[in-house]
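Visitor: Residues per chain, in single letters:
2 protein chains.
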Amino acid sequence: MLYFDITEYRQRLNKTKEQMAKKGLDALIVTDPANMNYISGYDGWSFYVHQGLIIFEDKDQPVWFGREQDSNGARITTWMDDENIMGYQDHYVQSQTVHTYDFVADLIKKYQYDHKTIGVEKDNYYFTAQCYEHLQNGLLNTIIKDGGLIVNWVRCIKSVKEIEYMKMAGQILEKVMETAVNLIEPGVREGDVAAEVYKAMIKGAPDFTGDYSAIIPIMPSGKRTTTAHLSWTDRRYKKDENVLLELSGCKNRYHAPLSRTVITGTPSRELENISKTVIHGLNTVVDFIKPGILAQDIEAKWRESISGSRVVKESRIGYAFGLNYPPDWGEHTISLRSGDTTVIKPGMTIHVMPGIWTDKLGFECSEAIYVTQKGCETFAKISRKLFVK
Amino acid sequence: MLYFDITEYRQRLNKTKEQMAKKGLDALIVTDPANMNYISGYDGWSFYVHQGLIIFEDKDQPVWFGREQDSNGARITTWMDDENIMGYQDHYVQSQTVHTYDFVADLIKKYQYDHKTIGVEKDNYYFTAQCYEHLQNGLLNTIIKDGGLIVNWVRCIKSVKEIEYMKMAGQILEKVMETAVNLIEPGVREGDVAAEVYKAMIKGAPDFTGDYSAIIPIMPSGKRTTTAHLSWTDRRYKKDENVLLELSGCKNRYHAPLSRTVITGTPSRELENISKTVIHGLNTVVDFIKPGILAQDIEAKWRESISGSRVVKESRIGYAFGLNYPPDWGEHTISLRSGDTTVIKPGMTIHVMPGIWTDKLGFECSEAIYVTQKGCETFAKISRKLFVK
Chain A
1 MLYFDITEYR QRLNKTKEQM AKKGLDALIV TDPANMNYIS GYDGWSFYVH
51 QGLIIFEDKD QPVWFGREQD SNGARITTWM DDENIMGYQD HYVQSQTVHT
101 YDFVADLIKK YQYDHKTIGV EKDNYYFTAQ CYEHLQNGLL NTIIKDGGLI
151 VNWVRCIKSV KEIEYMKMAG QILEKVMETA VNLIEPGVRE GDVAAEVYKA
201 MIKGAPDFTG DYSAIIPIMP SGKRTTTAHL SWTDRRYKKD ENVLLELSGC
251 KNRYHAPLSR TVITGTPSRE LENISKTVIH GLNTVVDFIK PGILAQDIEA
301 KWRESISGSR VVKESRIGYA FGLNYPPDWG EHTISLRSGD TTVIKPGMTI
351 HVMPGIWTDK LGFECSEAIY VTQKGCETFA KISRKLFVK
Chain B
390 MLYFDITEYR QRLNKTKEQM AKKGLDALIV TDPANMNYIS GYDGWSFYVH
440 QGLIIFEDKD QPVWFGREQD SNGARITTWM DDENIMGYQD HYVQSQTVHT
490 YDFVADLIKK YQYDHKTIGV EKDNYYFTAQ CYEHLQNGLL NTIIKDGGLI
540 VNWVRCIKSV KEIEYMKMAG QILEKVMETA VNLIEPGVRE GDVAAEVYKA
590 MIKGAPDFTG DYSAIIPIMP SGKRTTTAHL SWTDRRYKKD ENVLLELSGC
640 KNRYHAPLSR TVITGTPSRE LENISKTVIH GLNTVVDFIK PGILAQDIEA
690 KWRESISGSR VVKESRIGYA FGLNYPPDWG EHTISLRSGD TTVIKPGMTI
740 HVMPGIWTDK LGFECSEAIY VTQKGCETFA KISRKLFVK
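So the sequences go chain by chain: A and B.
For the first sequence, the tail end lands on 389 under the working numbering, and the numbers increase by one without skipping.
For the second sequence, the tail end lands on 778 under the working numbering, and the numbers increase by one without skipping.
Just so you know, these hints were derived from the structure itself, not from any lab.
Incorrect hints may have been included.
What the hints assert, rightly or not - Derived lysine-lysine pairs resembling DSBU-like cross-links, with alpha carbons at most 30 angstroms apart:
| id | chain 1 | residue 1 | chain 2 | residue 2 |
| --- | --- | --- | --- | --- |
| 1 | A | K175 | A | K15 |
| 2 | A | K223 | B | K550 |
| 3 | B | K778 | B | K564 |
| 4 | B | K774 | B | K628 |
| 5 | A | K313 | A | K238 |
| 6 | B | K498 | A | K175 |
| 7 | A | K145 | B | K702 |
| 8 | A | K145 | B | K679 |
| 9 | B | K702 | A | K110 |
| 10 | B | K498 | A | K161 |
Said to hold, decoys possible - DEER-style ranges, computed between Cβ atoms:
| id | chain 1 | residue 1 | chain 2 | residue 2 | range |
| --- | --- | --- | --- | --- | --- |
| 11 | B | E703 | A | T7 | 32 to 40 angstroms |
| 12 | B | E703 | A | A21 | 35 to 43 angstroms |
| 13 | A | A205 | B | T655 | 50 to 58 angstroms |
| 14 | A | T341 | B | E703 | 29 to 37 angstroms |
| 15 | B | V549 | A | A21 | 55 to 63 angstroms |
Predicted model only: the values in this text are computed from it and were never measured.
For every residue, glycine included, the Cβ atom is placed at its ideal position computed from N, Cα and C.
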């Protein structure tokens, strides 16, 4: 059932331990479901209750903790021995009297790490303010530090096998995008297109099916394209209206996202101008990306390439992505913006996403790429153009 | 675009303010996306960045804060005036140097609430340990208390219109479940069934399409049914193997979840016995639910009804559900278990879900119900049985 050889999981664990050592952490509580999966293989929709992995510097396997009824899920999907799978009793679940992190504090004591320094992922969705408070109150002799993004940064450079899964996601993405572009027509309900988009995403390719993506298909039309994260409704597409498509393929939790824009009729001069500028900028950036440059150089190149146009782009133009769970396929590490001095390296995977949302309309055209020894490659072959229907 | 009259949103806001007053809160920061939607109408997939509503006791509208590129989404989907929509600059997004809650602390100061008492949703996924820390550091003169679940408890009793949306979700659910049961056969790939399940969920009913549900279709088979939250893979169903289906319809973010079990051939004696016991228990419980009893009485009734059988059920047998976003359609208020003394009232909506997961197999048969004046009704009509294919 494992998606990778155990040796690959062990390498990931060791790299994480190296980073923990640099930060002076004796243990790390991992709550990001993608980080949990990356280290242990754990793959289940159980992150709506508190769960995690504890990486102890002197233990060669992490310890999984989660709800008792999910512990067989850990037995099935991870490479860990039974003794390292710790189910907690159900009365901890969404209780208003006890908290799972009382249990976690006891675990830390059981492993005699309560006089040591442990890290937590302080800004992760699944490590709430209350988790932190209960951990602090339960471990008065422990130094608790921020260990956020340690695993995310290890994830940043993908292995050959990871890139392979992302290429499979790219194959799915091609089908998904084709489905959406083909079906959008004036008179058709947005939701009916979304239904076929979902089907294509899960049906996948002839040889393999797909997984759910960490972000839903974002596919607003008309006025709703003036913002980045609205999606379909019951309304029917009208003539001469633009539709944003930010979609993804997903395989073994690895993504290949992409955005394109469709116009159901004749584009306005404004839309045509924006699309020309953005596509020129995107082409320039994709040609530019190679090992050795900095993340901020990519954004600077973008800005230079659109200078003289009327396009204004205040937000970052891309981010690292890969393995993930809702609510985000982004990895929260690299952002393509001024001030991000990450050195670009082979194996990094970036969604170059210079979305434009004005008060009148939106336009999106992006590429998901992986960095090679000499430049970069896309995960899918989809024309960079405004799709006129 | 609003799903409810503004008067209904105002009532919700006022009920929330009453509860805030009881807890001595002058303001409440709402980060749960379902709570945000419930109070303001806000509906977008932007909860992967920090966002929220601030309810001030002396202001007749909440204040929305979120990423600048999502602020048009707030203008489109909420009932609030422009002056109450506060977009923050993009450099706050997933930054390793600044944090959105520095911005939020400044907002609290701007509204002159920094010498008052404010509540936060301390155990919500979208209020991380780091949010709390930055808020505390930015508001040294403010008393910050736990205001978690205040809105969730207001949400507990549904209005007529909310029940209407949940019935629409129930209509979708009937199609979704029928699709899954019909397609599961030995030799068919799990992912191909999942693809049709997704399509049915979004295509919806003839008169309206559906929305994405807050939990993916949970549909493991064989060995993977020994745990609660695994789903489809690329494998093909075999003969004589059981398949769990925990699926949902969703409309306007309101859910109707349900679980059933399919066996592709002949059930083992163990599976038959478990199914008889669980269905008997479920029938007993659904007949028993009415206003005036306590949540824990329902669980006691269940336990009584299965006593003498070999079925062991340690976890809660149900929970409140309704409006929601990933990762959970549950509302984190009522749990059907010993110790929950919530008085059952008309308009409450509960997923009675006595799932059984042994080390050999799983069995699920549940009902989503709403409490009426005299008893309860289900949201969908789907036979309570083990589906033998």
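Visitor: Compare the structure with each hint and give your call.
Guide: How the hints compare with the structure:
For the hint pairing A:K175 with A:K15, the CA-to-CA distance comes to about 36 angstroms; that exceeds 30 angstroms, so the pair is violated. A distance of roughly 26 angstroms separates the Cα atoms of A:K223 and B:K550; the hinted pair therefore holds under the 30 angstroms criterion. In summary, the hint linking B:K778 to B:K564 is supported, as the alpha carbons are separated by about 18 angstroms, within the 30 angstroms threshold. For a cut-off of 30 angstroms, the pair hint linking B:K774 to B:K628 stands: about 19 angstroms separates their Cα positions.
Taking the CA atoms of A:K313 and A:K238, the gap is near 28 angstroms; set against the 30 angstroms cutoff, the hint holds. Distance restraint check for B:K498 and A:K175: the Cα-Cα separation of roughly 50 angstroms exceeds the 30 angstroms cut-off, and the hinted pair is therefore not satisfied. The hinted pair formed by A:K145 and B:K702 fails the criterion: a straight-line CA distance of about 39 angstroms is larger than 30 angstroms. Distance hint between A:K145 and B:K679 is unfulfilled; the C-alpha atoms sit about 49 angstroms from each other, more than 30 angstroms.
Among the hinted pairs, B:K702 with A:K110 is consistent with the structure: their alpha-carbon atoms are about 28 angstroms apart, no more than 30 angstroms. For the given pair, B:K498 sits about 50 angstroms from A:K161 by alpha-carbon distance, which is inconsistent with the 30 angstroms threshold. Judged by the Cβ atoms, the range 32 to 40 angstroms given for B:E703 and A:T7 holds: they are separated by roughly 37 angstroms. Here the CB-CB span from B:E703 to A:A21 is close to 40 angstroms, well matched to the stated 35 to 43 angstroms.
Look at A:A205 against B:T655: about 34 angstroms separates their beta carbons, and that is not inside 50 to 58 angstroms. Checked against the hint of 29 to 37 angstroms, the pair A:T341 and B:E703 fails, with Cβ atoms roughly 52 angstroms apart. Roughly 60 angstroms separates the CB atoms of B:V549 and A:A21, a value that falls within the hinted 55 to 63 angstroms.
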